[in-house]
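Colleague: Listed here are the chains, written in short residue letters.
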Amino acid sequence: MDPAGFCRQARVFIVAGKGGVGKTTVSAALARMAATAGLTSLVVEVEPSGGLAAAFGRAEPLGYDPVELAPGVHGRALTADDALVEYLQDHGMGRLSRRLLSSGAVDVVATATPGIKDILVLGKVKALERSAAADVIVVDAPAAGHAVRFLTSAAGLLDAVRSGPIRAQAEDVAGLLGDPDRCQVLLVTLAEETPVNEVVETAYTLEDRVGVTLAPVVVNGLYPGVDGLEVDPEEAARAAGTHLRPGEAASLAQAAAFRRSRAHLQAEQVARLADALPLPQLRLPLLFSAEVGPPELDVLAGHLAAEIGTVAVGPPPELPADAGR
Amino acid sequence: MSSPGLADLVAEKSVVICCGPGGVGKTTTAGALGIAAAGSGRRACVVTIDPAKRLADALGLDELSDTPRRIDDGDRWPGELWALMLDTRSTFDALISRYAESPEQAQGILSNRLYRNITGALSGTQEYMAMEKLYELHQDDRFDLVVVDTPPSRNALDFLDAPRRLGRFLDNRVFRILMTPTRAYLKAVSVATQTFLRTVSKVVGADVIADAVAFFRAFEGMEQGFRDRAQAVEALLSDETVAFALVVTPRRDAVAEGLFFAAKLADSGLSVDALVINRAHPAFGASPGPDRARAASLAGTPLAPLYANRADLAELAERERRHIATVAADVDGASVVTVPFLADDVHDIAGLEEIAALLLADGEGSG
Chain A
65 MDPAGFCRQA
75 RVFIVAGKGG
85 VGKTTVSAAL
95 ARMAATAGLT
105 SLVVEVEPSG
115 GLAAAFGRAE
125 PLGYDPVELA
135 PGVHGRALTA
145 DDALVEYLQD
155 HGMGRLSRRL
165 LSSGAVDVVA
175 TATPGIKDIL
185 VLGKVKALER
195 SAAADVIVVD
205 APAAGHAVRF
215 LTSAAGLLDA
225 VRSGPIRAQA
235 EDVAGLLGDP
245 DRCQVLLVTL
255 AEETPVNEVV
265 ETAYTLEDRV
275 GVTLAPVVVN
285 GLYPGVDGLE
295 VDPEEAARAA
305 GTHLRPGEAA
315 SLAQAAAFRR
325 SRAHLQAEQV
335 ARLADALPLP
345 QLRLPLLFSA
355 EVGPPELDVL
365 AGHLAAEIGT
375 VAVGPPPELP
385 ADAGR
Chain B
616 MSSPGLADLV
626 AEKSVVICCG
636 PGGVGKTTTA
646 GALGIAAAGS
656 GRRACVVTID
666 PAKRLADALG
676 LDELSDTPRR
686 IDDGDRWPGE
696 LWALMLDTRS
706 TFDALISRYA
716 ESPEQAQGIL
726 SNRLYRNITG
736 ALSGTQEYMA
746 MEKLYELHQD
756 DRFDLVVVDT
766 PPSRNALDFL
776 DAPRRLGRFL
786 DNRVFRILMT
796 PTRAYLKAVS
806 VATQTFLRTV
816 SKVVGADVIA
826 DAVAFFRAFE
836 GMEQGFRDRA
846 QAVEALLSDE
856 TVAFALVVTP
866 RRDAVAEGLF
876 FAAKLADSGL
886 SVDALVINRA
896 HPAFGASPGP
906 DRARAASLAG
916 TPLAPLYANR
926 ADLAELAERE
936 RRHIATVAAD
946 VDGASVVTVP
956 FLADDVHDIA
966 GLEEIAALLL
976 ADGEGSG
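Sequences listed follow chains A and B, in order. Just add 64 to wherever you are in the first sequence, counting from 1, and you've got our numbering. Just add 615 to wherever you are in the second sequence, counting from 1, and you've got our numbering.
None of these hints come from the bench; they were simulated from the model. Among these hints, one or two may not hold up.
What the hints assert, rightly or not - Coverage of chain B stretches by chain A, computed from C-beta distances (three or more under 8 Å per stretch; other residues unrestricted):
#1 637-643
#2 654-664
#3 844-853
#4 856-870
#5 896-909
#6 930-944
Virtual Cβ for every residue (Gly too), placed ideally from N, Cα, C.
Let the sequences and hints guide you as you build the complete structure.
Modeller: Next up, the structure:
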């Protein structure tokens, strides 16, 4: 599949994963890749942390108003409070909304109606989708278990609220999430035990409870393979016609053993993930040199495009029923 | 001035609160500190929140619970290790029952729909219940030390605000006024509030308002008890027998969040006593620059990949050291402990003991 074709499968990609797996970096790389492929993209940060802005080389975090992060890439924050204020404004309560928020009255309503904040955020995403705010809208979802709550909010609210505009909103959101031509979820994990367990659980929960279509799963932070780490440093030095300083052989051997052991453990987890979750995998390398800034983002976007190139064209696979648990 | 190391904290303090961003190994750190305390002869209780399954298994925790369970009754440690996996709902229920004036009042609240939603939907509730449980266990004579793991929310220091926030929620004026709908009070309800409530009724249905009114009515008379308790919990946090351990990984995002936590603690007049850096990569005594040069000049020989690899790892370690230095400088006065990247997740008590040994190994360490 080519990158543009991949991105055109749906307008909305929700990027979800446990904290610390690189969800924000993957969101940024996906948006960058889409732009490189000639599409416009908009990244929406639901829990603004500054990480997205930093990946594009900006010091200040994103705000409510979209800003251009790179050619063809815009970004904005969209918190639950933002969405709520906008909703109240749309319902003729503009001047009061901030005060109501600070009075705590909104907390009471939000508690009485679980999922309402998530619905408002997703409702806003749906509005962005409907107005074709960009060719590709990448949503950097809340971390960990919150992602499941975030995405199941529509289903939960439909059970709890029987009529009114919020119910209509929830129906719209459920419609968006359930339509593979409009929205897909890209799960991100590391090749480590706990993140793999959690991503498998999240995948099945989301498919069962939300009926959302899962895009390939991104496996982030893989040690790039290096050949020739099995050799004994002393022998290698003799073959190279040189000598090693005292202690040098031991240090080189330890570093090589560390890399091989990490790569081996990661390969085991990648295989375990493949067994437990029959989705194509997009594998991204660990970058040794620097934190992710614009140049690194280009490297990752390039890797993402190459990995997508290996994914077969066709509708995304459905998970087998009752598997993986 | 030499700061007390983690060994001193687990030997002397009565509470250690592990805070930090999600996914950095807070629960593992909390478990290991509990073991360290038990190893030094103390009776320790570890309060965990949503641990990874195998870690929960390692601690012998198979279900959410309200009561601590003793781990490994044998003579593994001179002290004792207890653990519990926080059940937000039952902790809250117990609190309601304690402060209700009658069983009927408790029942009225426990069966209210808004109340039943609180534990899942009101942000900060889990944090508050963790602090509540901490307070309760702190007063329990069975334990010398309580180690608590904080929930992995984005604003992971919500526990500092949680008692206040819940107090504000329970004190909500809008609903308080609604509960006594006399003419005089109705006048006091501002136009804004009336508009708001009308809109809310229209948007989410009148049920929501009815539930809220019923809840606040059922709750009447208990506010003071709750407020006092919340104040006591808050006061405990600034007690000198309470220590804060900030847990991070040496990565940009985790460090940024760590700095944010430290600043928030400072705002509340609290400070980080120990900084735990998890998952640090070793540098193998090398520097990336010379190793890259060596790899280039040896290109084509079997030595080249060995140098290239060590340069990669040294580069990673160097970057991590800069992050560690940033956060260590910010929490000046805290002891700094670096725990290396371990080959595998912790699955058992032996694994936690290994980490405990690393945590206690040095107090000044690698900053």
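Colleague: Okay, the segment 930-944 of chain B and chain A, do three or more residues pass the C-beta test at under 8 Å?
Modeller: holds (count 3)
Colleague: Three or more residues of the segment 637-643 of chain B near chain A by CB distance under 8 Å?
Modeller: Held - the segment 637-643 of chain B has 3 residues with a Cβ nearer than 8 Å to chain A, which meets the minimum of three.
Colleague: Just to make sure I understand the rule, a stretch counts as covered if three or more of its residues have a C-beta closer than 8 Å to a C-beta of the chain. Does the segment 856-870 of chain B meet that for chain A?
Modeller: Per the Cβ count (5), the hint holds.
Colleague: Between the segment 844-853 of chain B and chain A, see if three or more residues pass the 8 Å beta-carbon test, and mark the coverage as holds or violated.
Modeller: Three-residue rule not met by the segment 844-853 of chain B, so violated; n is 0.
Colleague: Report holds or violated for chain A covering the segment 654-664 of chain B, Cβ cut-off 8 Å, minimum 3 residues.
Modeller: Contact hint for the segment 654-664 of chain B vs chain A: violated, 0 residues under 8 Å.
Colleague: So is the segment 896-909 of chain B in contact with chain A by the C-beta rule, three or more residues under 8 Å, or is the coverage claim wrong?
Modeller: Coverage by chain A holds here, the residue count being 4 at a Cβ distance below 8 Å.
Going through the hint list in order, the structure does not satisfy hints 2 and 3.
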